[in-house]
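Q: In order, the protein sequences belong to chains A and B.
Counting along the first sequence from 1, when you hit position 359 you're at 359 in the numbering used here, and nothing is skipped either side.
Here the numbering used here runs 359 ahead of the position in the second sequence, where the first position is 1.
The hints are simulated quantities; they were obtained by calculation from the structure and are not laboratory data.
Treat the hints loosely; a few may be bogus.
Claimed, not checked - Within a straight-line C-alpha distance of at most 30 Å, the following computed DSBU-like cross-link-like pairs (lysine-lysine) qualify:
#, chain 1, residue 1, chain 2, residue 2
1, B, Lys385, A, Lys200
2, B, Lys385, A, Lys311
3, A, Lys341, A, Lys311
4, A, Lys341, B, Lys385
5, A, Lys341, A, Lys312
6, A, Lys341, A, Lys200
7, A, Lys204, A, Lys341
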Amino acid sequence: MRLYLFRNGATSSEKGAPVSYRYSFEDLLALLHGHAPAKVDAVALHRRRVEHGHLSVGVKIHCLGDGSQFSTLVEGLGGAQKILDVNYYKHSHASLCLVLPPVGSARSAILLLECIEHFIGSALFSNPEIQIQVCSPGRLGARRSALLAIGFYLGSDTLRRYTLGDLATSFAEHQHYPRGRRLVLYDAEGDFDRNFDWWKESGKHRLVEPQLPFENGRSDLLTGSGSRLDIQNINLLATLLVHAQYQGYWNQLGVQFQEEMEALLERHVLNGLVDAPWVRTDDPESDDDDGFFAALQELVAYAFEESVRIKKKGRLFPGWHEIPAKSSRGILQEVQSLLQKYRSELVRQSRLLDQGGRA
Amino acid sequence: MIRAHQPGSEPIDIPETIPNPVVVPKPTPIPTEPAPKEPVRIPEKVPKSGVSTADSCTSGVPWTAKARSWTSSFNHGETARRRSS
C-alpha cells in the first residue's frame, strides 16, 4: 500500500487517459497486496524496469471456465461493467478477458500473475481453463511473426495440438480489425503504453531512450495454457525479432538469430512453413486461416513425432541425453539450445556494457 | 483429449498436450507467499570493557579483565584453579 500510491512518474495512461484495462495499476496492486505482500512490493518496485534491453511485457488472461474465481478481483477493481465489458476483445470460448497493465520485464509479468494466483486462490499457469496471451510492443512482419510462433511452439515446455477453433477470438472476423484465427495477433490500434526503455544503437554506443519507438502496435501470442517459460521465451524471441525489424540495439543479434532459426528449419525441411500466413496483416493474401493451420499442423505433427522418437530412444539407450548434442539431435533440442544461446549472449553483452566495454 | 475413431477399428485417445521431452522441468514454485524470514537475532550487548556479562561478577579479578577467547574460555576454570593455588 505504500510505494505504489505515490504518483511520481505516472504515465499518461495512469494519469487518466483511457486505457484498455480501465483501472489503475496502483488499485490492482493495493487489492493484491493483502494476499501476496512481498511479491506485490517487488512488482511495484520494478514495474517499469527493463532488463538487459528486453521488450516490455503485457498479459491478457482469457478464462474459459465460468470465471467465478475472478469475481472478487473484478468487483474490487470496479466491477465487470467497468473493466471487462469495455473490452470487446476476448477468446471466443472465454467468459472473460482480463487485461493486465504492461510491465518492464518477463520477471515482473510472472510475478504479477503469481500475485493474482494468490488472490484468486487458483492456478493461472498451466491451467487448461486459462489461456494466457503475451503481448509484445511492435508489429512484426509476416516472416518474423512466423518465427515468433514457431520459436514459441518448439521452445515451450508443452507440445500442444490445436483445432482452428482454439484460436478464435472476437476479432477473428472483425469488420475493421480482422485478425483471423492465428497464434500471432496484431493489436487493434487501442491504447498503448510507450513508457518503457528502448535500447537504441547510436554509432558504437548504446542509447537508452525512455520511450518505445512505436506510437502504437503490438504482436501478441496466444499461448493457450501457458507457463512461466513461455512468457520468458516469447519475451526473448520478440525482443530479438523486434530489434531486428526496428533497428534496435539488439539488431545484429536479432538478425543473426533469424538466420540461425531459418537455417534450423531448413535442416528439418520445414523452411516452407515460414511462408505461410502466421499473422493476419493488411495484405489480403494473409486472409487464409486454412493456409496457416496447415502449416501449424505440419509443425505440430513433426514435433509430436520427434517426441515419440526421443522417448523410444530414451528407452533403448538410457543415457542418451548425456551424450553431447550434435546436429542430429532433433529439432526440439536444437531450439532449446538456440534459445539458451541467445538468452545467454544477450545477457553477456548487456553485462559487458555495464562494465563500460563495447558488447 | 481428442478421440479418434475410424469405423472398424478401436477408437484411440490422442492427448492434446504432452510435455516437451527436451525441456528439463523446473520445480514449479508452490503459489504461496514465501515464509516469513527468520527474525534477525541481535547479539547480546558486549560491555565496553570487553568483559562479558557472564564475567561481570569476577570483573575485579585481574585475569578476567582480558577479552575472552576460545582457548581462554575452555581453560578458564583450570587456569583459575592453578593460579589461586
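Q: Going back to the hint list, which numbers does this structure go against?
A: 1
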